[in-house]
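Student: Sequence:
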Amino acid sequence: MSITGEVSYLVVVEAPREAEQKESEWSGVWKALHLLLQYFMLGNITWNAMLFLRTSPSIRGVFLDGDNVGQGWRYCYTCETHTPPRCSHCFDCNVCVLRRDHHCVFFGQCVGFRNYRYFLSCLFFMWAGLLYAVVMNAEVFIVILKEGVTLHSVMLLMVPWIMLVSGQVTAGAFAFAFIADTCVVGFLLVAAFLFFHVGLMLRGQTTREWYSNRRPYSLGVLANIRECLGQRWYLCWLCPLIASPLPGDGIHFQVTGSLEPIDSSR
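Under the UniProt record's numbering, residues 1 to 266 are what the sequence shown spells out, in order.
Everything labelled a hint here was simulated from the structure, so no lab data went into it. Watch out, some of these pointers could steer you wrong.
Straight-line Cα separation of at most 20 Å, SDA-like style, residue types lysine to any residue; simulated pairs [stated by the list, open to error]:
#1 K31 <-> A128
#2 K31 <-> Y9
#3 K31 <-> G5
#4 K31 <-> S8
#5 K31 <-> M1
#6 K31 <-> V135
#7 K31 <-> L42
#8 K31 <-> L10
#9 K31 <-> V12
Have a look at the derived ranges for each label pair, beta carbon to beta carbon [as the list claims (entries may be wrong)]:
#10 I162 <-> G28: 36 to 44 Å
#11 G172 <-> T46: 41 to 49 Å
#12 F106 <-> F40: 21 to 29 Å
#13 L37 <-> L188: 16 to 24 Å
#14 L131 <-> W30: 13 to 21 Å
#15 L188 <-> G61: 36 to 44 Å
#16 V198 <-> K31: 28 to 36 Å
#17 Y77 <-> L188: 35 to 43 Å
#18 S27 <-> F63: 57 to 65 Å
#19 S27 <-> Y234: 30 to 38 Å
#20 L36 <-> R60: 38 to 46 Å
Note that this is a predicted model, so its numbers are computed, not measured. Cβ atoms here follow ideal geometry from the backbone N, Cα and C, with glycine treated the same way.
All chains, please: the whole structure from these sequences, using the hints.
Tutor: And the structure:
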């Protein structure tokens, strides 16, 4: 929200700094489109995050038919029940999670069968929003480096806190430099997470299966996307309120490969 507020200030007040462009490229309509775009991304981030937290991927309330126990099923001594393939126990959540991918330390909840869509959509809009913020903050870097690459400008970009405490910069300059740095670092981190999970989705893998170098449930690219995002996978990323029923139940999966880990040393 602080990044959105800073970018809104840049759009409404600061950009562009050249007077002759203020009435052309940055007209009222152009500014309104910029504001609409960034608040659309912010709304999707917060809404997807909320639905991710409210959608439990655990086995609580799920009927697990013990009579149909087959290949890939295991017994969880903590939950005292047989668990289906791709389900594993999370000691942080203290429950077994259907098609468990990993425990997200940022949200404090596991990523699993029912909430993977919201997790991936939240990552996507965080990446898009930070990319937008980096582009909008490019002028901040240009202004800081306008007089050349000096020790003062490099220190302001690299360690703005030290420059503020030592009295070398104003609070306003520090705020712009700090948020601009946060956008760049955040964009790189979120991009790494997003592209990693998109790759997993396309291969039909979870993070746990990626560690063991297994792809026993891959159904092809389109089917793998549908398994994660639902029947309306081509629309659901636009808004978390778009219904997109998942094709499976998180319990039974079609096996297309070996369930044994692949020895990468061979």
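Student: Run every hint past the structure and note whether it holds.
Tutor: Do the hints match the structure? See the list:
no. : hint                     : verdict
1   : K31 <-> A128             : 18 Å, holds
2   : K31 <-> Y9               : 11 Å, holds
3   : K31 <-> G5               : 14 Å, holds
4   : K31 <-> S8               : 9 Å, holds
5   : K31 <-> M1               : 18 Å, holds
6   : K31 <-> V135             : 15 Å, holds
7   : K31 <-> L42              : 17 Å, holds
8   : K31 <-> L10              : 10 Å, holds
9   : K31 <-> V12              : 7 Å, holds
10  : I162 <-> G28: 36 to 44 Å : 40 Å, holds
11  : G172 <-> T46: 41 to 49 Å : 27 Å, violated
12  : F106 <-> F40: 21 to 29 Å : 22 Å, holds
13  : L37 <-> L188: 16 to 24 Å : 22 Å, holds
14  : L131 <-> W30: 13 to 21 Å : 19 Å, holds
15  : L188 <-> G61: 36 to 44 Å : 39 Å, holds
16  : V198 <-> K31: 28 to 36 Å : 32 Å, holds
17  : Y77 <-> L188: 35 to 43 Å : 41 Å, holds
18  : S27 <-> F63: 57 to 65 Å  : 59 Å, holds
19  : S27 <-> Y234: 30 to 38 Å : 34 Å, holds
20  : L36 <-> R60: 38 to 46 Å  : 40 Å, holds
When each numbered hint is compared with the structure, a violation occurs for hint 11 only.
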